[in-house]
Structures are given as C-alpha cells and as structure tokens.
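*Asks:* Here is how the chains run, residue by residue.
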Amino acid sequence: MNAKQIQNIMFWLMAAITVLIILPVIIIFSIIIFNGYSALSPEFIFAIPRMGMKAGGIFPAIIGTLYLILGTMLFSLPLGVLAAIYLTEYATENWLTRIIEIAIVNLAGVPSIVYGLFGLGLFVMFLNIGASILAGSLTLAIMTLPVIITASREALMAVPKSFREVSYSLGASRWQTVSKVVLPNAIPGIITGTILGLSRAAGETAPILFTVAAFYLPKLPASIFDQVMALPYHIYVLSTQVPNVPERIQYGTILVLILMVFIMNISAAYLRAYFRKRKLW
Amino acid sequence: MVAKIRAEDLEVFFEKRKFLGKVKLEIETNEILAIIGPANSGKTTFLKTLNRMHDLNPEFSMQGRVYLDGQDIFREIDVLTLRKRVAMVFALPLPLPMSIYDNVTYGPRIHGIKNKAQLDEIVERCLKGSYLWEEVKDRLNTPAFNLSGGQQQRLCISRTLAVDPEVILYDEPCSGLDPISTAKVEDAMRMLKQKYTQVLVTNNTKQAARISDRTAFFLMGELIEIGPTSKIFTKPEDKRTDDYIAGRFG
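Protein chains in written order, with this note's numbering: chain A, 631 to 911; chain B, 21 to 270.
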C-alpha cells in the first residue's frame, strides 16, 4: 500500500468513528420521541398525577424542577461570580489561592451521590431545614458552583488586559475597573456557563434524592420549606418503583425533562453566538 | 523654573533584575520632553513609573524617589489621585468597548461627575483638544472601535484630557499610525503645550526632533544625556547619543 491509500483508509476510518459517536444520541432521542410524543398533551403537562401516578399529568414534577433550577441559580450565580472575580481580579498567586483552585477542581469531580448525602447531613439534618426546596437548591448550588466559577473565570480572563490598564491609567480603582469595564464584557460568558451548569443540575437525581424530592406529592409547594416532586426522580420512580405505569407516561416524562435541558443548552449556544456577533473587539 | 516631576536616583527592578539604574531627571512645567533610546533602554519602564502603572505587576520593586510638585508619588500621593494627575496614552490605540461619548466620559464619571450638561461640555472640549471633534461630532454614540486607528488614538488622547490631568505621558503614541495621522497627533500635542506638561517616549527620533523642547537619551536602563532638543540633535555631549541619532546602532 502506498501513502495515498493509507491516507484514504485512515480518513474513512476516522470519519466512520466520528459518525458512530453521534449514533447513540440519535438512537436515544428517537426511542424517547417515538415512545413518548403520544403522551405529550396539555393535560399531561398541566395536570397532577392520578391513580398512584399511573394516569394524569406531571405538572408538580415540572414545577418542582423549575423551582430547583431557580433556587440553584439564586445561590450559585452570585457566589460563583463573586468568587471568580476575587480569584481573577484581586487574589495574588499564593498557597491559599492555589488550594482554592485545587478545591474547585476537586469539587467538580465529586460524585453527585456524595453531594446528596452531604446535603442530607448538613442542610436537612444538622441545620434542620428538613427535606425542602431550600435544602435541595443549596445542595444543587454547591454542585453547580465549580462549573459557574470556572466559566466565569474564563470569561473574565478573556477580557483583554489592556482594557484594565486603560481604566487604571485614568485613575479608576480596582472595583471601578471590574464593575465598569471587566464584568460587562464578561457577562456573555458567565451567562452561557451558568445556563450549562444549571441544565446539568436540572437533570441530576442523586443530590435531590434525600434533600427535596417527594415520591408522590400531587400538589404544588406552598413555600420553600416544602418538599416537591422533581422530574429526574419522578422518572426513576415511574420506571422502577411503581408497577404497571403505562410506557407512554414513562417516556413522556423523560421527553419533557430532555426537552427542558435541551432548550437550556440551545439557548446557551444561541446566546453565545449572539453576543459574539455583537462583540466589539 | 520649578520642576514638575523630579526623579532622584530612581532604580527599577523586575524579579530582582535591574531595568533602570540611578536615573536623575527633571521634567519642567509645560514642556514636551522626548525620551529616545533603542529597545530595552528603559524608556517605557521609566515612563510607566511616573504614574505607577508598574504597581499592577507583582514582580516590580524600586528604589529612589519620584516627586510631583515636590510630593513623593510613592509615599505622599494616593495612587488613584496620582494617575488622574499624571495620565497616560498607550502605544496602541486602546478604546474601551463602548461608544465614543462613553470613552471620553469614562474618566470623569469614575471621578464622580454625573451632570449630563457638564459631561457634554467635557466631551466637546476634549475632542476638540485632540482635533477629533469635527470628524466624530455627529456619531458620538457609535462604538469607538468603528473609528480608524489614527482617530482611535486621538480619541484616547481626548479620554486622557477628560480627567483633567497636569501631566500627560505618551508611550510611543504613533507607532501604529500612518504619517498623516501621526501629524495630526503631533499637532494636538503642540496645541496642548500651553496647558499640560507632556512626556513622550518615541522610537522615532525625527518625531522627537519635530515636537519636543528637550530630549533625554536612555541606553541599557541608564540616562545617558538630557538637554535641549536642538543641542541633543546637533552637538550631543556623549558619543553614544550621537551614534544612536545618526542611526549607527539601535
């Protein structure tokens, strides 16, 4: 074989393998859409479950997941952005900041069930909040923090150093420079990073298992101290804990969760493209 | 004449390595002082010491004293006040990613001016000060990045004027500009002479000859010679100055 033939073989081999990678995505989506679309109806989305979840809708689980996304964002976004600003703009490099950086990397690698048990121990039991939207949001927020911190730091560091120098050269303080020049130009990156982090949190089961998720609670929460149903846990319950749930309800629930996550990811990608087009430098 | 800025035995180090050694220099009020010298001669290092831009670099350390109107800039003047009084124009045109109007008003707003009429007045006065007003007065709210390189650099001068400084430092302000834009920047500098003390670091010896009152020649982190520009360019005392100006090295 000559070099050209080998080159051709390698090209087709790699192209074929690359196509294989998207195959699972296509298969998963087709199975879920094929089996689940018939369940989608206004009633399915806006009604409470009935007959021990074997009929009715999944409205409480959708609302529960939305509450958790919102609560997670409320805690993790300000904390994550402030930490990122401190690490990027203020902290000098020393042993403390290195330890913090290592901690962030490790926080991202902690298995989600460990977050769930940590949330149970700290928020639900020790702080005595009880299984609730509050405890679940806090647990998911801790899990999401490293993603938001990392994305925010990258966004802040992508703002050219020269902008900061110009600001300082005109007599601006560090905070004036951060708030008027650096942060406004980093917001697109922070937003997209946050959405991606939240979309991951939306689909997690283990962290909410002991901290918020209700097995069967066919009503809407009255306060942040209530338990709620949530889509990922509801899917687990429907498929393993309750006998004889119609398949279309199982697949329909999965489809709703996937669509929610999908919409979040698409909007992150769209926002990124939108801001890039408007970027001035 | 009283010196506006006086450097006494100024030494600058980065990571313990010496970049500037025992510089003794006086800058007079309302003069244009040109600083010339080859690459790595310490001229930009010296310039950035004057408004403490090196403070952002953790490896920076220094010895000696620098006085502004007799006050020690490292000990007796707050750094933010210093940078307002001794402002800087950078080598590359560096507009901030905002409108022309917001670029000029950035400094004044930082220093607490909020009145719209007052800001409008500052914008017009400072853009006129850098000969840019006529070219941009109808599009003040468009992004500064849409301007040409020469216009951007004059916008940067306007932005510097807007903080009402006493001294303006220029770090090779025309290095990226074509000859016509360069001439416009130089015109602006000549006009600003009445009001401001200006220090110009330049790689272009002809530019130094054209617009400066006095010239200082730096080499390898040392001040070799300083004197009236006409004298430096015709009868320099040091042979190395003569060699550099004649283009025999650097």
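Just so you know, these hints were derived from the structure itself, not from any lab. A couple of the hints might just be wrong.
Unchecked claim - Derived pair list, reagent style DSS-like, types lysine-lysine, alpha-carbon separation capped at 25 Å:
(1) B/Lys136 with B/Lys148
(2) B/Lys136 with A/Lys810
(3) A/Lys909 with B/Lys157
(4) B/Lys134 with A/Lys810
(5) B/Lys215 with B/Lys226
(6) B/Lys36 with A/Lys791
(7) A/Lys634 with A/Lys791
(8) B/Lys204 with B/Lys215
(9) B/Lys204 with B/Lys42
(10) A/Lys810 with A/Lys684
(11) A/Lys810 with A/Lys791
What the hints assert, rightly or not - Using C-beta positions, here's what the derived DEER-type ranges look like:
(12) B/Lys44 with A/Thr722: 46 to 54 Å
(13) A/Phe905 with B/Asn77: 27 to 35 Å
(14) A/Ile730 with B/Lys259: 38 to 46 Å
(15) B/Asn161 with A/Pro790: 17 to 25 Å
(16) B/Glu154 with A/Phe892: 48 to 56 Å
(17) B/Lys226 with A/Arg906: 16 to 24 Å
(18) B/Glu35 with A/Met755: 48 to 56 Å
Quick reminder that beta carbons are idealized off the backbone N, C-alpha and C, glycines included.
*Asks:* Output the numbers, in ascending order, of every earlier hint that fails for this structure.
*Replies:* 7, 9, 10, 12, 14, 17
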